[in-house]
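Visitor: Chain by chain, the residues:
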Amino acid sequence: MSVRVAEPASRSLLLQQLRAKTQARIQQVTDVHPALAGLLPDGGLRPGCAYQVSGGALLLALLAEPSTAGSWCSVVGIPEFGAEAARSAGVTLERLALVPNPGQRWLSVVAALSEVMGVVAVRPPGRVGPADANRLAARMREHGCVLLACGEWPRTEASLSLGRPQWFGLGEGHGYLTGREVEVTARTRHGLTRTTRLVLPDRRGRLAESRGPVAVDQPVELQAVG
Amino acid sequence: MTVATPTRCLVLWFPEWPVTAWRLATDAWDVPAAVIAANEVISCSAEARAEGVRLGQRSREAQSRCPQLRVIASDPARDEHEFAPLLTLVEQAAPGVQVIRPGLVALRARGPARYYGGEAQAAAALLAGIDELGVADGRAGVADGVFTAEQAAREADPIRVIPGGESAAFLAPLPIGRLGDQELTSLLPRLGVRRLGDFATMDAGQVRDRFGDRGVRLHALAAGADSRPVQPRTPPPELARQVEFEPPLELAEQVAFSSRTTAEEFIAGLAAVNLVCTELRVMVFTEQGERSERVWLHPSCFDAAAVIDRVRWQLQASATDVIGSAVVRVRLEPVAVDAIAHHTPGLFGQGSDEKVHHALSRVQSMLGPEGVVTPAIGGGRWLGERQVLVAWSDRPALPQPLGRPWPGSLPDPLPATVFPDRRKVDVLDADGVRVRVDDRLLLTGEPAQLVVGAARLRTAGWAGPWPVAERGWDAERARAGCRFQVADDTGGAWLLVHDADGGWWAEGRYD
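Protein chains in written order, with numbering that gives the first Met the number 0: chain A, 0 to 225; chain B, 0 to 510.
Excised from the complex, chain B in its bound form (with noise of 0.2 Å):
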């Protein structure tokens, strides 16, 4: 069997990327912090790990050595964009590199070690490089071989480089579980077999017999005779734009109108690759470094008038919270994308749908994304929270589901008329004396008259108190009432609740 030999292979290895990855996405540097995945940690921070969290753990283990550790939900689309800059970093420094995952990637040494003039200067030239992204840890390995150099930089402080032909010398002394083989991580060390290099000694046909084909090429990596070649990926074309504002643009409208030709560049690349774009992120960022992101949605797919739109009332709606000095960038990046033959406009006209859309669409760019929404209902106790309502091409998010029980909610038939903020009535009894509820739900007196702004109605029947209390363990949250219905001589009826300060509001009039 003729093995072709190792090339000489550069790894970065930036440890604990998952950690780092929400570090750069939320910039929350100093906190302990590990993430899990099926509730076991699977990677944690400096901190984390000086207070014992290690990997492996389950998460309720873990926050019992830290109490203040900050448990993360894996999510590898997070570890992905978070890496994408340094990639493109090294890309830029040197070309042909291959992502083995997030925080890990290998390149052929041999180029960029002719042009910095050595190995160990070109690991700290890409080191170097990346230090300004404020991600500080990287390490670097050379050797013969992509495991190797993986292996070199695992062992780096913060650079390693292995002379060629001395792989099999360094690896021999490592555990046999950097092989990252499940069955034999499990197995050899039973047989006595705990080194790489105890492996590596063992006779290739009898690994063969025992571990097949896949035995002969761990085997292999653990002598340090690594044949994989560097498969260097294809940088894929930038789909995301930005645009640099100077001086910094104040009004909304100035930077919608400046980024309009950003926005058609953004539509006409996606376009030129054969997409369209149906998810969008975009990002403003401030002279103060105020940062404002949002995911925007659209049913068919954006336009530029579109995305446009979407930038200024992005700016309007963080205007009053998020953004308070000037905007220097806007930048446009795509979250999901679909061909474009799906959206071609067909041969026979648009369906009637696609017409709503565009009419809903040119009315929502005169009001705001709130000016068209569609109701939908959700669970809860009160009318008010039930009818949520989404904005126009949002995906539609119920805070509470309806198929629960919600004791006290109403039954048919509900009022057609629902104050979004209720209104301030007032019931008296016959005497002019506020009814109010007492702690045992009596009344103090026959409800006799509503008051509704100025006007003054006689009740000609009425029925409650209907009490409905919820999250009594929530401060905050907590509401608490009693509801009534009221008929009044003019023939309307009032849904009507009696807070527990005893105020009366109306909540709805049946009309």
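Extracted from the complex, chain A is given alone in its bound form (with noise of 0.2 Å):
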């Protein structure tokens, strides 16, 4: 069988048609929470990209979204994950995979899990290189997986941090805690920063935007079980 040399003129076509696909690859964002996706730079999480998330409830918010809709989850190296909290928030627990101690090759689960998760959560253990985050970053651009890193991770397209928060529902030896109000700070690749207030976790354990410090201080119903 022999090789059909592309023409000038089709070779040109083929080059228009390769750019639409990846442009429509890029575009194809992973949606998040309304809340959230004012703060990213793209109003959602792309596939191939690396995101520094801290704290447990923002990580929960973020899984939520994309688990809901039909996505696999992965979380890799968080052995105390806590997974009734992950489903108050929405996150669909018969298509999460935890691997709590994947040890020292924490880099080739990660990896593999990218060829099929929609996205992986990982707490590296150590410091990672750019070069296993670079060719981390092909595959998972390849398959169109997101990867949240809750830790220190090179070159991420937007690190997701919490400030100021506040705590409800609790005084001094009465109620329970009903939620809290946090300043959720995105600061991009390049340098640009935005924050907005959000109540995470709300009452039932989700993300929810801030209406302000009368409506989430309101008394614990409380429901006879026994």
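Derived by calculation from the structure, the hints in this document are not laboratory data.
Watch out, some of these pointers could steer you wrong.
Unchecked claim - Here are a few chain A residues that sit away from chain B, every Cβ distance over 12 Å (derived from the structure):
1. 13
2. 87
3. 153
Unchecked claim - Listed next, the stretches of chain B that the computed footprint assigns to chain A, with coverage defined by at least 3 CB atoms under 8 Å from CB atoms of chain A:
4. 355 to 363
5. 415 to 421
Here the structure is a predicted model, which is why all the values come from computation and not from measurement.
For glycine and all other residues, C-beta sits at the position ideal for the given N, C-alpha and C.
Two chains, two separate frames, one set of hints: put the complex together.
Guide: This is the structure in structure tokens:
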């Protein structure tokens, strides 16, 4: 069988097609909660990119939307992952795979998972070299996977952090936690910083838009059990 | 009506097979045991019988007769499984075996009798072969027809041969219950017919009028004219495979590597009869007679590499407790199989779940079976025991059901961080003295400081104590403690437990 050589005219056509394909791929962002969409550079999580996340509740909030939409998610290297809180936050546990203790081979584990998972959350046990991160990013781009790093990661698309938290519902010896208002700050690769105040978690363990402290600080309804 | 003349049959009977099967499976030989189905004893050991346990007794009555009785639930699969090696032995000695039920087989007597030089000799030869397996109390009966031979085996000690033509005389004194028919055995004794002989002398026409065709058949059986031929089974192809190591192997990797060919044969053997294995039993035997056995599941079907992985995981898992010496034999048995047609790869690629499974299995083969888990939420009061981690491709088994009230469990929002092992913390009052909860659930001081590791945090709010006490009746599993929620001044919030010994632990963190 002879290999057909592309004609110059069709070559430019091919190039155009390829560009359109890549563009479509890049524009295909994974949706996040509307309250977080405004913070992120593309209004969502871009496949093939890494995001740095601090705080367990924020991680759950980011996992919830893709998981509900039908993606598989996995969490690597976080043995204290709260599965029940994840369920309350909206993560589908049937499509969640945990690798609590990947040990030394965590990078190969993440690489293997990135081929099939929509979102992989990982807490790197040590410093990650830029070469390793690049290799992994190429693999993730190919398979359309998003990486959420709960720790230092080189060249992240954005880094999300929490600040000025305020808990509601606790008194001095009475009450029950009903929610937390917190400032979520996103610092993008280009140095842009956006901040918004959100309720994370709210009374049901989910992410919600802040409606002022009055909406949150209501007395707890007691539920009869037993 | 012409009745075919009964053929000479040889029946082997192993009394109380369900108990024997349980003993073979568990290797518990000296305890009195009884197998129970529908709350009635269906089989009991000789020790139990000596204490007064009888067939048909209710389990509670049997236990009152013999308090140390081991009550075992009936398991037909176990009976079959343990009977298979015996059957193989019998088939090696004489072909054409019909299995009437586990523990009872029939075969044509003519062939073995000619080969072994007599019917009694043939029966003795078959029983002697089975003695090697450790089943000593086999009985054999030879007579005209399967029914008569079975009755002969029941009367045997351990071999009884009823010469041709003497069936009727042999059967005559036996009770009518031996026919095993509910209707006749309850009705005939009330009519004064208590022996098979009495029934046999009744007029066949009248029996037909009253009991129909079934009655006629039983009438013929009682007269020793059992026209049923032996219907030998076709031995199924041997699907299980085993590999012996000579000299015995010490390392798990060696065993896994040496089992590779066997695993491939095992998969190929199944494929040859258009089957795939979905559930696999791996048995590992060692030099010192230890045995590790486990059933492994696969969400789709096993291939040779997956089988080898399971062998290696099982060796690694049991290396610490079960297995203490070198491995001499590995046996692979299919527990559940499926038609191969259901598992052929699709023409247009496979579903995304299939890909996920392959990736997770790959990670599993890197890290071991417990390396990849899926969480499931079960019942319980403590956060750690509510989230059950199920190894990938394993069957989820929740130790406690979720649907119960579980007083003391927490409502939303729940901590996003749940420590697998509680973390030691300390809660101090304003003077730096540890806060305690007394028997009346009163605090000795106001929590003012929280010590986590080296950090000393000031509290910004707290709530509690919420007592949780469970299983007070069980000294080993009883747990009690008081829960607190504490917010610190850096914006963290903690779920703390003050245990009965006065220690403080962090169960989870809201972050």
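Visitor: For this structure, which hints from the list above don't hold up?
Guide: Checked against the structure, the only hint that fails is number 2, while the rest are satisfied.
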